[in-house]
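Which chain is which? The protein sequence lines are D and E, in order. So for the first sequence, the working numbering puts the first residue at 1; every next one is plus one. So for the second sequence, the working numbering puts the first residue at 1; every next one is plus one.
What the hints contain is simulated information worked out from the structure, not anything from laboratory work. One thing to keep in mind: the hints can contain errors.
[Claimed, not checked] In silico SDA-like pairs for lysine to any residue, Cα to Cα no more than 20 Å straight-line:
#  : chain 1 : residue 1 : chain 2 : residue 2
1  : D       : K404      : E       : A78
2  : D       : K404      : E       : E77
3  : D       : K404      : E       : G76
4  : D       : K260      : D       : M282
5  : D       : K404      : E       : E79
6  : D       : K129      : D       : N187
7  : E       : K141      : D       : L14
8  : E       : K141      : D       : A10
9  : E       : K141      : D       : D7
10 : E       : K141      : D       : E142
11 : E       : K141      : D       : K404
12 : D       : K221      : D       : G98
13 : D       : K404      : E       : I216
14 : D       : K260      : D       : D7
15 : D       : K260      : D       : F360
16 : D       : K404      : E       : G82
Since the model is a prediction, treat every value here as computed from it, not as a measurement.
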Amino acid sequence: MIRLLVDIAARHLLARRRQSIVSLLGVVLGVSFFLSISAMMRGSELDIIRRLVDNAPHITIEDDYRNPTLQPVAQSFPEAAIELHHVVPQTETRGIRGYPQILDYLRRTPGLQASAVLSGQALASFAGKDRAIGLNGIVASEYARVSTIRRYMVRGSLDELEVNPSGIVIGDELARLMSLSMGNNLNVASTAGQLRTFKIIGLFHTGRSDIDAGQAFVALKRVQSLLNRPNRINTIVIKLADPDAARAEAARIEQRVRYKTVSWQERSEDLMSALAIRSVIMYAVVGAVLLVAAFGIYNVISTVVLEKQRDIAILRAMGFEARDIERMFLAQGALIGAIGNVFGVGLGCGLMAGLMRIHFRVPGSTDVNYLVIDWSAFQFALAAGVAMLAAMTAAYLPARRAAKVEPVDVLRGGT
Amino acid sequence: MTAEVIRLEHVTRRLQGEVPVTLVDDASLRIDGGECVAISGPSGSGKSSLLYLMGLLDLPTAGRVWLRGADTAGYGEAERSGARLRMIGFVFQSHFLLPEFSACENVMLPMRRLGIHDETTIRARACALLGGLGLEDQCDKRPRQLSGGQSQRVAIARALANDPMLVLADEPTGNLDSVASRNVQRTVLALAHEQGRAVAVVTHDADFAAQADRRIHIVDGRIQP
C-alpha cells in the first residue's frame, strides 16, 4: 500500500520535473549548510570545552570565602545597623590553612586528584630586561597529575623541579622575549621584597601567549620562601575522572572545607552562556535556510494538489480513502526530504572537509589554528531530521487539503 | 436475472445553503445482477447525483442505499471506500486516466490498492482485461498516446479490475465519435448481459438507452413513473 502511494507520489513529482528539482535543490542546500555550519559550530564548541576541561583544573579551591566572615556583633544582630570604631584588621599570612589535611581528605576521595599551588606575582630580570610574571609554586609530581603542562614541555622536564629546587620552568615565549635559553640564570624578585636566582631547566609551549609569556613554575618551598608565606598555599587544583561531575563535587568540597571551591563550569559560566547563545543564533540562521526550502516543497505540492483534483476524485471513486490521499502527498514531501537529505549530506560532507582545510591564527594564540568539525552521527541525524521535519511539515498542509477534496464536487464540475 | 445488487429506498439528496437545492428526490430503484439500467433525463435533472449515491460517493440526506443486501447507512468513510474498491466500478464521461501511468498501470491501480502485491499476477490480469476490450497492443501506452475510444475502454478495464458486481457509467460515450461510441456501448452492455454484473448507465443517447433492459427517466431529481 505504502509502495503504491510512494509510486504515485514519485510520478507526480517526475511529471513536474523542473519544479521538483528546484525544491529538491532547496533541501540539498539547506541540509548541506545546516550540516556543515552546525558541525563547525558544535566542533568549535566541543573544542573550547575540551580545552577548558583539559587545560585548566576541573575544580579550584581558593584561599577565600564565598561569604565573608562577619564581625561577631554583626552575627549577633543581623537585622541591626551597626557602626564599629577603631577596628584593627587581623594581620595574618594569607593562604589556605591546614592544607595538608585538606589534601589528605581530597586524596581519599575516589576519582579525584589534587595538588597544592602557591601563586603570586614576581618580577623576572635578565640581561637588563624586566618582565612581570606569574610564579606558581608546585610539587611537580603532584601537579603533573592534575595538569596538562607536561604535555606542553618542549625542552627539559617539569619533574626536574623536584631534584633541582633552584630550577624554574618558563614558557618559550617568555624565553624568546627575554632572550633566555636553557641553563640561564634568571633573577626573580617577589612583591615581598625577596630576591632569588633560578636556573632555567625547562621550557613549555601551550600555544596561548598569555601563559607562554607570563607564567613560570618553581618548587613550592622556594615560592613559599620567596613570597614570605611559609607553609602556606593559596590554591588547590583538582582533576576529576568525570569532569561533568565538577559542579556537584565542588559544592560538596566547599561544604566540607569552607574555602571557596569553584568548578570549571562556574568559572566558565559567561563563556558557556555565550556558547549557548551562539548555538541558538546559528540554528536560527541555518534553520531559516531549511524554512525557505520548506516553502519550496509547499509550493510544489500545493501546485500538484491543485492540478490533480480530478486524479484525487477518481482515486477516491476507485476506493482510495481520504487518508490514502493525505499519505500520498505526505509521501511527496518525504521523497523530496529523503532525496534532498542524501545529496545534502554528500554536499555537506564536502563542505565540512573543505572547512577543515582552512587555517588561521587567532588573537592570543601563537599557533596556527584549524576549524574543528564535529563529525559525530548526531550532527548528521540532526540535519537529516530537521530537513525531514521541514519537508513533512511543508507537505502536511497541502496533503490535508487534498484529503478534504470532495470527489463529487470535482466530478460534477469535470464531466 | 439474478440476485439484487443495489437498492435505493426513498433516497433524497438535498444541498443545504441559502437556497436549498434538491438533487435527487425520493428515488427508489433496484438493480439486479445481469441487468443494465439506462438513466436518462435533461441536463441537471440529477442523473449523475443518483449515480454518485449508488456508488457511495455521496451520502443521501434521507432514505437508504442497500448494497448486496447490506444497509450502507451505517458505513463510515473507510467502509464506503472499501465497498467502492471491492464491489463498484466507475466509468465517467472523461476517462480520467492518470496521465503518469501507462494503460496497463492504470488498470493495475485498484488491484494494487486492494493489496494484491504480486506484480506478475496483476499485470497479467490487467493485460487480460485490456485484451478483452481489444487493447492488447496498447498496454504500455500512456493515456496521451491513446484515442478517446481507447482511453474510455481502458477506463472500463480499470473499473472492472477488482471484478465489481456493480458498474456505474456516467455518459461513457458522451465524448466519443459514433464508431468508438458503438464499441463502448457494446462493451458496457456485455458487462451486464455476458458477465452478469449490475450496470447503471447515464446516457443521453437514445439508441444506447434502447438497448438497456430498463430505462429510467429523471426530471428535477424525481424518477418518472
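Hint-by-hint comparison with the structure:
no.	hint	result
1	D:K404 <-> E:A78	holds, 14 Å
2	D:K404 <-> E:E77	holds, 12 Å
3	D:K404 <-> E:G76	holds, 15 Å
4	D:K260 <-> D:M282	violated, 36 Å
5	D:K404 <-> E:E79	holds, 17 Å
6	D:K129 <-> D:N187	holds, 10 Å
7	E:K141 <-> D:L14	holds, 17 Å
8	E:K141 <-> D:A10	holds, 19 Å
9	E:K141 <-> D:D7	holds, 18 Å
10	E:K141 <-> D:E142	violated, 84 Å
11	E:K141 <-> D:K404	violated, 32 Å
12	D:K221 <-> D:G98	holds, 16 Å
13	D:K404 <-> E:I216	violated, 33 Å
14	D:K260 <-> D:D7	violated, 67 Å
15	D:K260 <-> D:F360	violated, 39 Å
16	D:K404 <-> E:G82	holds, 18 Å
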